Amino acid sequence: MTPLVLLASIATLFLVFLTLQLCWRYSHRMAQKSAPQLIPIDLDAFQNLTDPEEDRFLMANLTAKEFREAQRYRIRAAKTYVVALSENAGILVAAGQSARYHSDPAIAAMGLEIFQRAIKLKVWCMFALVRLNAALIYPARLSPSSGIANQYQRVTYIAANLGRNLAA
Amino acid sequence: MGFQHYIWLYFWTAPHALLLAVAVMMYRRQQHRDFPIFFSYLLFEFLQFGVLFTMYLLEAPAMAYVKVDIIGRAGSIALHFGILQELFEAPVAHSVPLRREVARILNFIMIALMLLAAVFIGALYRGSLDPWLIRAYVIIDPLNTAQCGLIVLVFLWHRFLGLRMLPLAFGIAVGIGLTTGLEPVFLALKNIAAADSYRAVDIAQMATYHIVAVLWFYYAQVREKVILNSEAGLVDLREQAAELGRIAHL
Chain A
1 MTPLVLLASI ATLFLVFLTL QLCWRYSHRM AQKSAPQLIP IDLDAFQNLT DPEEDRFLMA
61 NLTAKEFREA QRYRIRAAKT YVVALSENAG ILVAAGQSAR YHSDPAIAAM GLEIFQRAIK
121 LKVWCMFALV RLNAALIYPA RLSPSSGIAN QYQRVTYIAA NLGRNLAA
Chain B
169 MGFQHYIWLY FWTAPHALLL AVAVMMYRRQ QHRDFPIFFS YLLFEFLQFG VLFTMYLLEA
229 PAMAYVKVDI IGRAGSIALH FGILQELFEA PVAHSVPLRR EVARILNFIM IALMLLAAVF
289 IGALYRGSLD PWLIRAYVII DPLNTAQCGL IVLVFLWHRF LGLRMLPLAF GIAVGIGLTT
349 GLEPVFLALK NIAAADSYRA VDIAQMATYH IVAVLWFYYA QVREKVILNS EAGLVDLREQ
409 AAELGRIAHL
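Protein sequences, first through last, are from chains A and B.
Mind the numbering: the first sequence is residues 1 to 168 in my numbering, read in order.
Mind the numbering: the second sequence is residues 169 to 418 in my numbering, read in order.
Take these hints with a grain of salt, some might be off.
Said to hold, decoys possible - Just a few of them, taken from the derived set where beta-carbon distance is under 10 Å, the chain B residues facing chain A:
| # | residue |
| --- | --- |
| 1 | Val-260 |
| 2 | Leu-266 |
| 3 | Thr-313 |
| 4 | Cys-316 |
| 5 | Gly-345 |
| 6 | Leu-346 |
| 7 | Ala-356 |
| 8 | Asp-370 |
Hints listed in this document are in silico derivations from the structure and should not be mistaken for laboratory results.
None of the values given here were measured: they were computed from a predicted structure.
Where is the CB? At the ideal position from N, CA and C, for every residue including glycine.
Kindly produce the complete structure, drawing on both the sequences and the hints.
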């Protein structure tokens, strides 16, 4: 009897989750929220935080302990930037998704492009955050600039392109 | 043959007829291109039903019926996993590298979920059933539990991306969730049910699948409404563009 009770409890929890998704879907549609604002991000400062040269300079001029502490500060700061970038990407995903169903084909096409690029940006931000969290645990071995620089380049490239496309 | 038998026959045939209607509607609306695995699943389920129903009418040997049923169930479970992968990859379908990356992560999560579920279900049934039943549950229930876990992740994934699921994708996820979420309970109920109430549990399970088929039929014909108001929405987009342009040039 115990397995049945446990399975029934898990199934009930799961059904509650599904019901919440249904409620959320329809209540969200009814709610007319004002457009959320993008968070301003200083990409130069972010680039500085993930610069390999800066990394090497710190490593050469600080003791191992000081280097680890400095790296942790830099990683925490970089994480703040990536989180903000991810938030902005989320706003643009929603905007792009709305625009892609517009009756005007030109707006719909622009919406689709914004949507696709913003999704990419959002996913790369997620990967970047995973790497930054790993770097926070091993700041000396996994420096933010070693693996994240490439991803960062992609994110900024997509963000810049997205801006140009939207502004066009 | 009593009234219950006709109810049972209805719940066996009607959902499968609806599945065919869903497949036809998807084909007419070109949705089979967006969800090819789900489309294949609908056809597979209908075909499986056709074979089993014919065997039932021709009073085929029980062993042959059971074998076809098991093959069909295995195929359905495999297709369920394919559909869930399709739902995960749908938002990143336009980018091959991203899709690969998401698929890689998904496979890892899937294996981890199945192992966890197998350990959990194995521990749950240990000592309460005979060995061959434990083996059966340890195979079927973890697969269902893993699917439930993946469905939760599908919703969280869309929430994380800030994405509103397409109506059909939403319907598919809820439908598969209902089927797989309740199956372990129905299996356990069938195991403890007396012979006369076994049919009632079977009907309840079929009725659930009927609800799921109706749900898929509804979501297959719903169109995504335009949320963006032409004036206000465009102003918002332009403002956001200007803002992002400023960010990108910093």
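Status of the hints after comparison with the structure:
1. Val-260: holds (6 Å)
2. Leu-266: holds (6 Å)
3. Thr-313: With a minimum Cβ separation of about 8 Å from chain A (threshold 10 Å), the hint on B/Thr-313 holds.
4. Cys-316: Holds. Min distance 5 Å.
5. Gly-345: holds (5 Å)
6. Leu-346: holds (7 Å)
7. Ala-356: holds (4 Å)
8. Asp-370: violated (16 Å)
Hint 8 from the earlier list is the only one contradicted by this structure; the remaining hints agree with it.
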